[in-house]
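Going line by line, the protein sequences match chains A and B.
Position 21 of the first sequence, counting from 1, maps to 10 under the working numbering, and the rest follow consecutively.
In the working numbering, each residue's number is its place in the second sequence (first place is 1) plus 195.
Derived from the structure by calculation, the hints contain no laboratory data.
In this text, all values refer to a predicted model and were calculated from it rather than measured experimentally.
For every residue, glycine included, the Cβ atom is placed at its ideal position computed from N, Cα and C.
Incorrect hints may appear among the rest.
What the hints assert, rightly or not - Result set (DMTMM-like, lysine to aspartate or glutamate): computed pairs, CA atoms no more than 20 Å apart in a straight line:
#1 A:Lys31 - B:Asp233
#2 A:Lys57 - A:Glu(-6)
#3 A:Lys47 - A:Glu68
#4 B:Lys204 - B:Asp221
#5 A:Lys26 - B:Asp251
#6 A:Lys31 - B:Glu297
What the hints assert, rightly or not - Simulated coverage check for chain A against chain B, where a stretch passes if three residues somewhere in it have a Cβ under 8 Å from a Cβ of chain B:
#7 32 to 40
#8 48 to 61
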Amino acid sequence: GENVEQHPSTLSVQEGDSAVIKCTYSDSASNYFPWYKQELGKGPQLIIDIRSNVGEKKDQRIAVTLNKTAKHFSLHITETQPEDSAVYFCAASMASGGSYIPTFGRGTSLIVHP
Amino acid sequence: NAGVTQTPKFQVLKTGQSMTLQCAQDMNHEYMSWYRQDPGMGLRLIHYSVGAGITDQGEVPNGYNVSRSTTEDFPLRLLSAAPSQTSVYFCASTRDRAVGGELFFGEGSRLTVL
């Protein structure tokens, strides 16, 4: 099955700095890569996603890049703010039996210091 | 719309007791799933359903049962709770399982087994 590695497990930055979280996946058939943000006491929420026919996608201060050859993808957050503090999960998925079932990374705890 | 609703939010059980975690969604989503979240382990898939009357096992199904009698509801049953099942459980749904898309998560149910 698919295996997703996520690094770092903890990331501490100063407000205004950039933050980068990296993920690698094992199965070249994976073609959908979402990122979720989980605030304390809440369920994860989708913040951005990318499909394998696209190399980069941006939405205001967040961007995701995908390198299919190397099988890795990254989340970039610019001009970090304290409200960006949360746990971030990457995931990789492919169609299996007609369903997309994501495999999640282990999460990155991002701490933004004011 | 309420989205995905999980009950209870907190539960303490003794080893060997049984209980059911409830999950309901009001978005008419075909696909529903249950995850468990443990520190440093990310989100692991327990069971999922691609429609009423259809269920299948995920990565960590042992000790859990599910059923899907209606589109809206997807309960998770623990028949004989064990301390290893202490975790936070999330229910999630998506509209179109065939193309990959946003998973909508509930707010979680925190279970402690003594």
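For each hint, the structure was consulted:
no., hint, result
1, A:Lys31 - B:Asp233, "holds (14 Å)"
2, A:Lys57 - A:Glu(-6), "holds (15 Å)"
3, A:Lys47 - A:Glu68, "holds (14 Å)"
4, B:Lys204 - B:Asp221, "holds (19 Å)"
5, A:Lys26 - B:Asp251, "violated (27 Å)"
6, A:Lys31 - B:Glu297, "holds (16 Å)"
7, 32 to 40, "holds (count 6)"
8, 48 to 61, "violated (count 0)"
Hint check: violations occur at hints 5, 8; the rest are consistent with the structure.
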